[in-house]
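Undergrad: So the protein lines, in turn, are chains L and X. Following our numbering, the numbering of the first sequence begins with 1 at its first residue and continues without gaps. Following our numbering, the numbering of the second sequence begins with 1001 at its first residue and continues without gaps.
Check the hints yourself; a few may be wrong.
[Stated by the list, open to error] Covered, in the sense of this in silico footprint (three residues per stretch, anywhere, with C-beta under 8 angstroms from a C-beta of chain L), are these stretches of chain X:
#1 1181-1192
#2 1347-1353
#3 1383-1395
#4 1418-1427
#5 1497-1503
[As the list claims (entries may be wrong)] Cross-link-like lysine-lysine pairs, in silico, DSS-like; alpha carbons within 30 angstroms at most:
#6 K1024/X to K501/L
#7 K1038/X to K518/L
#8 K1311/X to K518/L
#9 K1310/X to K1008/X
[What the hints assert, rightly or not] Now the stretches of chain L that chain X is said to cover, found in silico as 3 or more residues with beta-carbon under 8 angstroms:
#10 27-34
#11 143-153
#12 190-199
#13 365-373
#14 411-419
#15 425-436
#16 450-462
Calculated from the structure, these hints are not laboratory results. From the three backbone atoms N, C-alpha and C, an ideal C-beta is built for every residue, glycine too.
There are 2 protein chains.
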Amino acid sequence: MEYVNLDKTEGYKALQEGKKSSVKELLTPERIKAQSIKLGGGLNYNWAAMPISEETEGKLQKLSDEMDLIGKYKEILSGKMMNPGEKRLVLHHLTRGNVLGVKVEADGEDKDEFYKGELKKIKDFSEGVRNGSIKGSTGKEFTTVCQIGIGGSDLGPRALYLALKGWADGNNVKQLKGEFISNVDPDDAAAVIERLDLETTLFVLVSKSGTTQETLTNRDLVLETLKNSPIEGFVPSKHMVAVTSKTSPLAKDASMLAAFFMDDYIGGRYSSTSAVGGVVLSLAYGYDTFAALLQGAHEEDVLSTEKDIKKNGALMDALIGFYLRNIMGYPATAILPYSQALSRFPAHLQQLDMESNGKHVNRNGEKISYPTGPVIFGEPGTNGQHSFYQLLHQGTDIIPLQFIGFRKCQYGKDIVTAGSYSQTKLNANLTAQIAAFARGKDDENPNKEFDGNRPSSLIYGEELTPASLGALLAHFENKVMFQGFIWNLNSFDQEGVQLGKVLAKKVLAGCEGDEILKAYADFLI
Amino acid sequence: MEYVNLDKTEGYKALQEGKKSSVKELLTPERIKAQSIKLGGGLNYNWAAMPISEETEGKLQKLSDEMDLIGKYKEILSGKMMNPGEKRLVLHHLTRGNVLGVKVEADGEDKDEFYKGELKKIKDFSEGVRNGSIKGSTGKEFTTVCQIGIGGSDLGPRALYLALKGWADGNNVKQLKGEFISNVDPDDAAAVIERLDLETTLFVLVSKSGTTQETLTNRDLVLETLKNSPIEGFVPSKHMVAVTSKTSPLAKDASMLAAFFMDDYIGGRYSSTSAVGGVVLSLAYGYDTFAALLQGAHEEDVLSTEKDIKKNGALMDALIGFYLRNIMGYPATAILPYSQALSRFPAHLQQLDMESNGKHVNRNGEKISYPTGPVIFGEPGTNGQHSFYQLLHQGTDIIPLQFIGFRKCQYGKDIVTAGSYSQTKLNANLTAQIAAFARGKDDENPNKEFDGNRPSSLIYGEELTPASLGALLAHFENKVMFQGFIWNLNSFDQEGVQLGKVLAKKVLAGCEGDEILKAYADFLI
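Take these sequences, add in the hints, and give me the full structure.
TA: Encoded structure:
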């Protein structure tokens, strides 16, 4: 497989020399109907309101073929060493519980069997907790699951937990309440612990390396609280499980109630479908719910192997995003779910995208000259409409938009006011925004004029369920992966976080004569 | 007072022609010690790690003087019509309960007396609820206050509520629990209502115009739930108050328990210190807490009148932000509070900044040619370090950073692990990040190389209290106001949100033959 820099490809040159199109001129009802691509879990990706003419679309297909983006995805699925920075395989697709590539062996084991084995452990354990056969140390059933983790051990699982709460409520799914502690700021743990009933809480400690500073610190804070509990017969170790790698110090900690494993081939931001998300979601909503999410993700993984960009939503989304960044020169992208349940999904995508592709070197560690990952931000609609949309509509920069919407709400508790359901109002707003951003509006008064030509895509479906949520997650994972291939960078390491860690240790050791650290530390410590 | 476009000023030309400085070269321990400016509420603004040489600083001062930024602020304080788009005064500074300018009369009343009168009403009512003399309809004391509002009626009050929760817990302040409903998505209201005990909940309905679609819809959803309550003797109207303008339909709604007023001179995103934030915060934490927040904001307002940019943190922050945007060409700014309590403060600033200055016309409604407001986003540290910081350190674009940190935590529940308190670890990380971003690190391996020169500022203080929070809020309000003056735009209207509202109504009316709306609506409705 050949890995070349984007600026060495014919396809990039052709796109740079191509005519730029106007969304306003391109957008027609026919285009809207024609330009939807099926994703997994019953979702669709629509790119009608993107500045992609038929000619540009052809060139994107050529670039995809020239760079063999699908071939590179298949290298991942086949267990090639696709994280060269850390010399690791990239196996998160295998955590969906379905083999997509050839058999992958590593560390002397069949990795598919390994992940399936962990899934089985998650199933048995979560069922035991949920049916009451595994109880707290004082004999009470667990009612709450509290995840302690940060970064990928927090953002993805938390976003998914919140995304399924309304679905579970609306479908009378038995639940354990989910709580999350992440920040090393002691106020984070204090605020959460304050609302917990320790006797009925099960903590899930998540750290792949078993050495994450924030997570170990918060574990100690929690253990201190548990140990000081005046409850008779209370045994702290019966209230905590670990999710970690087999080789980590946590794996050997016999005081834990149980341990579930992932490995070095699952990056934190890609770990939501591994035990990192699986334990907490299976405890909160049941293993079947988690399995349905995995199935949705798997469906999307399969669709992502398609070479025809008009049949591969993740690939099309990736190519369009690259076009907006490198040809149109737009520096940021907004994620705008019209679904309160997805309130923290943009924060997960912010990590997924910016940590994966916010790089200035290629796969070989050589500096590259073209822009890579954009800034990603977002809030749910309609809330954002009353906030930052002013800039999106009338600011001096163009920010491409990724809308997400569902026909039905989750709770089913909706009423008609002023002639329509709330859910209808929500989606009327979403519909209106896409058109407003694309077409703009002329006005004699420039203050009331909208230039339009603000590109957007829309992912839509019937309802946010475990399956559609899994597909949505995998769509963005695969999009980001394809963009990493286009930029010829390694989306699976994160060297950019190391320097801060080293310097923080130095500060904790008294700054070691570093006068700049000392001067700032004097303000704060 | 003269209002000219930025590109017509001598100061802008001088800055464009000036030498650009490197943060890496500028940053010294002496600079860090020297370049702090006192803000209100015991806070400080430090700009040592900004690419601002002494020469540039002099030019920024000249631009400030040439554009008479302080004079323009004083026009606001004196009650001039400073929102020309909507032909309104801009009076949020008066809501701090302290006159700063001359006496302002409008609508036939002294506005200072008007806001003070509302403050008195808030004091009396909140004390009545908190001491139990005002009870729910079944005779139980209120334990929960639930705000129904969107945009400025939600983001600011919610951010402030969350910011003070730990302070209130840590200081044993009597509390009513705060809840918030904002999104028209019916799942938002459903999720909140599910956790409420209706008998002990007081709803605060907030809409200046009294016509906000989301807010009225959510009121109706809540009222429907209240009316269907099987509790004997339950009277829904005794569980709701309004915050609105005197002229709105809500003001005349006799079914409400009480009504508190703001007016058209308080923009939504600037309304946190009016009754919009005052009612919910006084109910939740007591009027004295809210009064302390107002006092902190007032202190910062006073400091913001200083002409010397080295003594005016909001003005310096504004000028530096403009420099980064218009001279350095950076398209975004990240807000990074090292305080979990400020988890939603970046979302508030996102609205404040992007809705105020995301404009393409000047104060006279004429198109302008220079970039205005940047994209604003952010999450608390250290969480962000495990997420999007990779791009901030090693991405291909430079994103300026605004750090916020406090010496002490709020709860005071902290322990020593691995030789240090969690709060110390938190601030060691903050210290380390500023240095890492500024200085970078050389390495033979480009993947481990950090270019540095990532500019940052730091707002720091002893603790996040009502007073320091008020000052922090006012700092950013005044920063955004000064930047609006620099760009010669109107920071107080929001014409960009209108088109979407009009089109949403069209969709609800069946699309009225608009085939593009119809095509999207078919996916969603």
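Undergrad: Give me the numbers of the hints this structure contradicts, sorted from smallest to largest.
TA: none
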